[in-house]
Amino acid sequence: MKLYSRKWERSLRNAVRAEIRKSPSLKREFQQSKGRRKRSRVLAIFGGIVIPAALVLLMEQKTHQTAASLAVLTVILFLGSLLGAATFDATLHNVEALLPMFSLPIEDEDILSVYAREIFKRHLLVLVIVEISLTCLAAKAGISLEFLPGVLLAGVLTWLMEMAVALHILAWMRKPLRSAINAAMICGVFIAFISWKLTGQFVVAFFTDHGQFINLLVPNGWALALYQVLLPNPQWNLLLLLLPIGLFIASALYSYWVIQRRFSYMEVHWSFDADVVPDLIPVTASVSDVVRLRPDGKPVHLGEHAIEEVILARQYLAEPAWPKRGFMEKWFWQWLNKREKALVDIVFPDGPTFSASWLAILNILAGTIVAGLLVRIIIPAAEYCAMGIGFASVLLFILLALNRTGMPFRIVNNSGVGISVYVFFGAGFNELATLLLKSAVVQMPAVFGMTLVISAVLVKFFEGSAVMILEGGIKAGLMIFATRFLVTIYRFADGTREGGRFKSGILLISSAILLFMFLIAGGAGVFLPGLGGWLLCAGAFLDAVVAFYFYRWFYHMRGFDLMRIPRRNRLL
Amino acid sequence: MKIELRGVLKSYRSIRALDHVSLEIEPGQIISLLGANGAGKTTLLRCLCGIASPEKGGIYFDNEEFRRARTDLRRRLHFLPDFPFQFFQQSVLRNIAIVMRAFEADTPGSEVKILELLREFDLLPVSLRPVGTLSRGQAYKAALVAMIAIDRDLWLLDEPFASGMDPHGIDAFKRHARAAAARGRTILYSTQLLDVVERFSDRVCVIHKGEVRAFDPLEQLRERAQDKNNVLGEMFRQLREGGS
Numbered sequence: 079m080k081l082y083s084r085k086w087e088r089s090l091r092n093a094v095r096a097e098i099r100k101s102p103s104l105k106r107e108f109q110q111s112k113g114r115r116k117r118s119r120v121l122a123i124f125g126g127i128v129i130p131a132a133l134v135l136l137m138e139q140k141t142h143q144t145a146a147s148l149a150v151l152t153v154i155l156f157l158g159s160l161l162g163a164a165t166f167d168a169t170l171h172n173v174e175a176l177l178p179m180f181s182l183p184i185e186d187e188d189i190l191s192v193y194a195r196e197i198f199k200r201h202l203l204v205l206v207i208v209e210i211s212l213t214c215l216a217a218k219a220g221i222s223l224e225f226l227p228g229v230l231l232a233g234v235l236t237w238l239m240e241m242a243v244a245l246h247i248l249a250w251m252r253k254p255l256r257s258a259i260n261a262a263m264i265c266g267v268f269i270a271f272i273s274w275k276l277t278g279q280f281v282v283a284f285f286t287d288h289g290q291f292i293n294l295l296v297p298n299g300w301a302l303a304l305y306q307v308l309l310p311n312p313q314w315n316l317l318l319l320l321l322p323i324g325l326f327i328a329s330a331l332y333s334y335w336v337i338q339r340r341f342s343y344m345e346v347h348w349s350f351d352a353d354v355v356p357d358l359i360p361v362t363a364s365v366s367d368v369v370r371l372r373p374d375g376k377p378v379h380l381g382e383h384a385i386e387e388v389i390l391a392r393q394y395l396a397e398p399a400w401p402k403r404g405f406m407e408k409w410f411w412q413w414l415n416k417r418e419k420a421l422v423d424i425v426f427p428d429g430p431t432f433s434a435s436w437l438a439i440l441n442i443l444a445g446t447i448v449a450g451l452l453v454r455i456i457i458p459a460a461e462y463c464a465m466g467i468g469f470a471s472v473l474l475f476i477l478l479a480l481n482r483t484g485m486p487f488r489i490v491n492n493s494g495v496g497i498s499v500y501v502f503f504g505a506g507f508n509e510l511a512t513l514l515l516k517s518a519v520v521q522m523p524a525v526f527g528m529t530l531v532i533s534a535v536l537v538k539f540f541e542g543s544a545v546m547i548l549e550g551g552i553k554a555g556l557m558i559f560a561t562r563f564l565v566t567i568y569r570f571a572d573g574t575r576e577g578g579r580f581k582s583g584i585l586l587i588s589s590a591i592l593l594f595m596f597l598i599a600g601g602a603g604v605f606l607p608g609l610g611g612w613l614l615c616a617g618a619f620l621d622a623v624v625a626f627y628f629y630r631w632f633y634h635m636r637g638f639d640l641m642r643i644p645r646r647n648r649l650l
Numbered sequence: 541m542k543i544e545l546r547g548v549l550k551s552y553r554s555i556r557a558l559d560h561v562s563l564e565i566e567p568g569q570i571i572s573l574l575g576a577n578g579a580g581k582t583t584l585l586r587c588l589c590g591i592a593s594p595e596k597g598g599i600y601f602d603n604e605e606f607r608r609a610r611t612d613l614r615r616r617l618h619f620l621p622d623f624p625f626q627f628f629q630q631s632v633l634r635n636i637a638i639v640m641r642a643f644e645a646d647t648p649g650s651e652v653k654i655l656e657l658l659r660e661f662d663l664l665p666v667s668l669r670p671v672g673t674l675s676r677g678q679a680y681k682a683a684l685v686a687m688i689a690i691d692r693d694l695w696l697l698d699e700p701f702a703s704g705m706d707p708h709g710i711d712a713f714k715r716h717a718r719a720a721a722a723r724g725r726t727i728l729y730s731t732q733l734l735d736v737v738e739r740f741s742d743r744v745c746v747i748h749k750g751e752v753r754a755f756d757p758l759e760q761l762r763e764r765a766q767d768k769n770n771v772l773g774e775m776f777r778q779l780r781e782g783g784s
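Taken in sequence, the protein lines are chains F and H.
Counting in the numbering used here, the first sequence runs without a single skipped number right up to 650 at its last residue.
Counting in the numbering used here, the second sequence runs without a single skipped number right up to 784 at its last residue.
Same shape as in the complex, but just chain F:
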């Protein structure tokens, strides 16, 4: 089913354009209302094609092993499948897009097929990536032109497998696990990138030793492994992979059916709970009587009368209960001034949950260490990989926990523009930024605790000294803290628009340079021992602070529009 007729739309568009051309005033009005064209998309597509091909060739150059190069592509494609599944899932749960869909007289399965087709079209890029990477590899290996159809066929099979893996993941893997693997892999790639000097040789060695194993372990690599049949002295037994490949692709249709079965219109509504009055209070008692009679000071109604109760009992003026959740919350509450205590309700509507978050992260950290030790015993070769993914996840959770910005930066659509929630509450930059900074400071003991443990484990692996443990832990903790400044800038910038003479591009480029400097200096500084490392970390910290104050100055001086114009880059 087609969502709209391209031919009909084109005909309408032409008619509209012809009409506009006839009238100079309409033409002028039309020109004024024209939006900006997309510029970044071509660059993103180009980067998406070039980077994987470059990585594959780089690995080939380092290892001179086709299996290792293909394993890099396998990992990239697995990440692609995870991201593809996440995109499909997000699309199927995007209320903004689904509401108009469900309001139209279209069958639910037709809606799903419309989305699936859009995702399929987007995945054509993956086919281009695979074909270019394999063709480059073939050229480097000196494979003759007569084998080119074979190379292209392996590429097509790989592409089909990539989509099949995405469908299987979406149908059978739970979202938290999917997201955790996704985030851990992205973090792992990022860490490997910034610490390449230190970890590069391990990564190369890992792919050299286990390239073929990775290709056979991850389904994305099965069709890629077939490519090796085209090389001189081929391993013909790899052709046996055609059977599982066929089964895997065919079974993806079943997974699609499972997704289709789950996807249906559901009526969602929010409502008040029923009024509930306990037996000890007469049902006939008025709300004011209930307030007087209630035993423990808490509302006894659950329904709309609870609001009256809260007001009559002046409960809204009472101190919140959340500071009792833990020492971080208590410290946070004591540190806030009167204005910040009022603002905290906007930032954390149900109160901050620092203690619970850090307890959860502690559990993940403990799980990672135990898992790492188990892997060390069972598959020693995968020890670094398991630890790397585990620590990358912990790091990601630490960053997320520390950099929570709460409700104020949620963008609300308002007559064609997006406005951050904080704007409606009349909260300023300085007070919100200070509040967020304080929330980060109170969590720092937990951050240092985590980074010191991670540092201790890593230093033990690399047989370093106790000083290295301390240095690595403290430097990593400080760098994590510095991200608070950058995230605050980003959150404010996300909901603003530069409408003045000063080109926003200059601000964008300056921010990108400062961010890049922070990542490079901070990343290298954490891993580099001695004074050099400390200086790099201090530089990165200073960079974040300067970026923050620079943006703050810019924010106040330039008088940004506190709104953003929606971009046109979504699926539907």
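Watch out, some of these pointers could steer you wrong.
Below, in silico cross-link-like pairs of lysine to aspartate or glutamate (EDC-like), each with a Cα-Cα straight-line distance of 16 Å or less [unchecked claim]: (1) F:Lys80 <-> H:Glu644; (2) F:Lys100 <-> H:Glu763; (3) F:Lys105 <-> H:Glu781; (4) F:Lys85 <-> H:Glu656; (5) F:Lys80 <-> F:Glu196; (6) H:Lys653 <-> F:Glu87; (7) H:Lys653 <-> F:Glu97.
I should point out that these hints are in silico values taken from the structure, not numbers from a laboratory.
With the hints as your guide, set chain H onto chain F.
Only chain H this time, still in chain F's reference frame:
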């Protein structure tokens, strides 16, 4: 299209949004849906378009029971909420094209009608812009253009007079709705503006706490009222004070 509601019950937990509502609506009328905030007007419209399903009772279009799964019956009506459901990232024209396709109204030549409507509602200069970048009134007009163009048997509109449309847009809507009613279409809209109801409806449906308290032509309500110059105002006051 004849519309019947037979004992429709819809509740949100303990709140009865529609309490055994029964109505018979003959085609070719403009019906105003009146009621205090939370009275059940929007729920009634949602049930009629299939977004919400009644727990008890049934809705019948020309004696055929209406359910969400009946896509053929859903093609005979169109619902425009107070904040229309639109593809905000897509242009006005694409949004119209999607609605036209879904209702199978994108026949050759239908572009001419759309062009006229775009001109009438002052949407030509913004027609290639994403709906998400338009003002609320413009976005509403874009959805209204599609509604008028597909011209279904039943037009359901939630608060069209509080949609941000300019006076010219409101006038154009009234004109098209009146013409549609003359062609036998049924227009059912909710509003809070009593003076609009007095001038722009053939029949008034008053809902109070999920119950239909009146479903009569305005003349009949006027006959029953004590204050002939403020018929609906008096009715509202009585309902609020607990009268019937």
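Which numbered conditions among the earlier hints are violated in the structure presented, ordered from lowest to highest?
2, 3 and 4
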